[in-house]
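Trainee: Chains A and B supply the protein sequences, listed in that same order.
Number 5 in the working numbering belongs to position 6 of the first sequence; there are no gaps in the numbering.
Whatever position you read off the second sequence (first residue = 1), add 1 for the working numbering.
Please keep in mind that the hints were generated in silico from the structure rather than gathered at the bench.
One or more of the hints may lead you astray.
With a straight-line Cα cutoff of 25 Å, these simulated PhoX-like cross-link-like pairs (lysine-lysine) come out [said to hold, decoys possible]: (1) B:Lys64 / B:Lys16; (2) A:Lys7 / A:Lys61; (3) B:Lys16 / A:Lys7; (4) B:Lys92 / B:Lys71; (5) B:Lys111 / A:Lys7; (6) B:Lys8 / B:Lys92.
Partner residues aside, some chain A positions facing chain B, computed with beta carbon under 8 Å [what the hints assert, rightly or not]: (7) Leu1; (8) Phe21; (9) Thr23; (10) Ser48; (11) Gln52; (12) Gln93; (13) Lys95; (14) Ser96; (15) Trp97.
Every residue gets a Cβ at the ideal spot worked out from N, C-alpha and C, and that includes glycine.
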Amino acid sequence: MLLHTVNKSPYQHQALNSCAEFCTADDALILIEDGVYAINHPDLALVHSLGTQVFAIEADVKARGLTTLFTRASDQYELVDYDRFVALCVEYSQQKSWS
Amino acid sequence: MKKPAMKKFLFVLDKPPHGSVTGQEALDAILMGSAFTQCSVLFLRDGLYQVLGGQDTTQLATKDYSVTYKALADYGVTGVYCRQSHLGERKLDTSDLAIAVQALSEAEVKQMFVDHDVILSF
């Protein structure tokens, strides 16, 4: 049960691609900072298709004007606040940050 | 699942050396960590270049810290791993590496994450 964090845009960095390689259905991924630019990236769809739960920090999504894009995909990705992020960190036994 | 009294640390390196100080910081952390608990190291993707043999930083005028990886065994860090396909993508073989690295399958790498209590990424 890993909580993966990705904080880089998939169009510039390999972080999400690396994460997608090792995600499992028991894991969750939370997109933070520039990681939220992954919203329409195929690697995020791949992670989702593996059964990995996908979250994104709402503040980072809003700040970058991506709210509409996330709303369209709301059945796949859940926007969370920082309190929920902390709760997820506790819920999952380990964390793996990809950056 | 019962956790061992001593937490097992997994250090994951996925960036190449010399372009940033990340590798040097990772190595410092591994050597320090190994004084306190059981540590393993996993090289992914370009992280493999950290331990590629034959590095010569003379002209960069920086310290060639890659030789320090050879000290890992002396510090009790015996679990040093990579993913087999990441070697292949780079046309490398474990014999090209300066230290003994055990090549794992995708499933074995996933298990590696599960088997450790703390994962530190560099």
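Trainee: Honestly, which of those hints from before does the structure not fit?
Mentor: Structure breaks hints 6, 10 and 11.
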